[in-house]
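**Student:** Chains as they are written, first to last, in the numbering used here: chain A, 30 to 226; chain B, 53 to 349.
Worth flagging that the hints you see were computed from the coordinates, not collected in a lab. Watch out, some of these pointers could steer you wrong.
[Unchecked claim] Computed cross-link-like contacts, SDA-like style, restricted to lysine to any residue with a CA-CA straight-line distance of at most 20 angstroms:
id, chain 1, residue 1, chain 2, residue 2
1, B, Lys89, A, Glu120
2, B, Lys89, A, Asn137
3, B, Lys89, A, Asp123
4, B, Lys323, A, Thr85
5, B, Lys89, A, Gly121
6, B, Lys323, A, Ser62
7, B, Lys89, A, Arg136
8, B, Lys89, A, Arg125
9, B, Lys89, A, Pro119
10, B, Lys89, A, Ser86
11, B, Lys89, A, Val124
12, B, Lys323, A, Pro61
13, B, Lys89, A, Arg141
14, B, Lys323, A, Gly88
15, B, Lys89, A, Glu118
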Amino acid sequence: MKFGVLALQGAFGAHCSTLRELGVSARLVRTPSDLASVDAIVLPGGESTTMTKLLTSSGLFDPLAAAVDDGLPVFGTCAGLILLSSTVEPEGADVRCLGALDVTAVRNAYGRQIDSFEQPITLRDDDETFDAVFIRAPVIARVGPSVEVLATLDGRPVLVRRGPVMAATFHPELTADPRIHERFVRLATSTAPASRS
Amino acid sequence: MGDHLSQQQGTLRLKRGLAEMLKGGVIMDVVTAEHAKVAEDAGACAVMALERVPADIRRDGGVARMSDPEMIEGIKAVVSIPVMAKARIGHFVEAQILQALGVDFVDESEVLSPADEAHHIDKFAFEVPFVCGATNLGEALRRIAEGAAMIRSKGEAGTGNIIEAVRHLRAITGDIRRLTQADNAELFDWAKRLQAPLPLVQEVAAAGALPVPLFCAGGIATPADAALAMQLGAQSVFVGSGIFKSDDPAPRAKAIVEATTHFRDADILAKVSRGLGAPMTGIGMDEMSQTFADRGW
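For reference, chain A alone in the conformation it holds in the complex (with noise of 0.2 angstroms):
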């Protein structure tokens, strides 16, 4: 199975290096050949109005649009979860959602750089904690019926999933712990349709 990381803007190196530690072969997605080719994907932190324009510019959007619709596995975090999100605030924003998951997210909505924090959170189905790192991270300010939460801060949701999207508001790949990483590993290997290419 071949996992893909979004390689547009932002901390892809990261995300790469965590996937590729846990023995998972990972390759850098900048083009549809690319994504063509990937069994399962990780949209990075980074920023979201950038991705978007690069997402657009480099033909993409729609074949992975099409793609999270048939089914692709795939792992957003910080701007990757922006852009899976149905709706974005502060409206007005620069930003066009791939609608994969059905919740509204709230852009740098903790403030500026100076505002970002780490804190420890509690994955709620094995009660585990995992230090997670917020960096002008996205608030989940409304979550539908069709998506589970599996970690919340201060009773809002940080980390959702619904079928194979997985979605986290913190940024797992800057931590050496690769517990999140591994759940998406195991989510891709047990949902994704069959091989692709």
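Since the structure of chain A is provided, determine the placement of chain B on it from the hints.
**Tutor:** For chain B alone, kept in the frame of chain A given last:
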């Protein structure tokens, strides 16, 4: 916010983490709110708010200082991407003011007139992350030892001439490659010659990379310049005068963003380089009376 006791802010991981988020992107110098919107609409991953682009600082001469907070706030108000601003080398009070303004990254920059001829800012004393320029590996490691969360080549700002940035990137990445071949005894000597702390030298030798992102700045004027910097090992690019001193800034800005992402794809580079109008005129190194790159110690 929940369990405040367990919450940490201003950590090295958060500072380097924001630098990580800016990889593969273009950080554009802007002097007005209108410029900042053009930059964001073109796909910039951050903007650098300043009163004059380096080409104008070079032309005007005199002392170049931190920008007026009102101007920085005007730019913060119109964009949702990170906003950076410059402080003079060693001028930790300018940096304190920029942190109080809530800028996302401080550039301790040789483009402004240095305020201290021996000391850079103690960047560990701040919660806001810093980027610093470097011309070689020793300089880069001294800045990292002082707490810099990102290193950029200095290049020669305001010239539209890429030659100095190429020299600095090759110096840094070339010495990193040589370090990875050195044995333990040689690393002690490397630390002496680089005038850099031994533990950092050993860390770079083991990892084959700086412990913070390496970006390129100084002289980028075209999409090809941006791709050249990326192929030489830069992880993002800063474009100063190159955009807003060109004939038609918006399409050039967008083209440089695409070139930075697709830096190895010559077909895309050819496509985005077409019909952009005249780039900034630029300056040859032998036509210059003052170099910025030798500022910093």
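**Student:** Output the indices of the hints that this structure fails to meet, ascending.
**Tutor:** none
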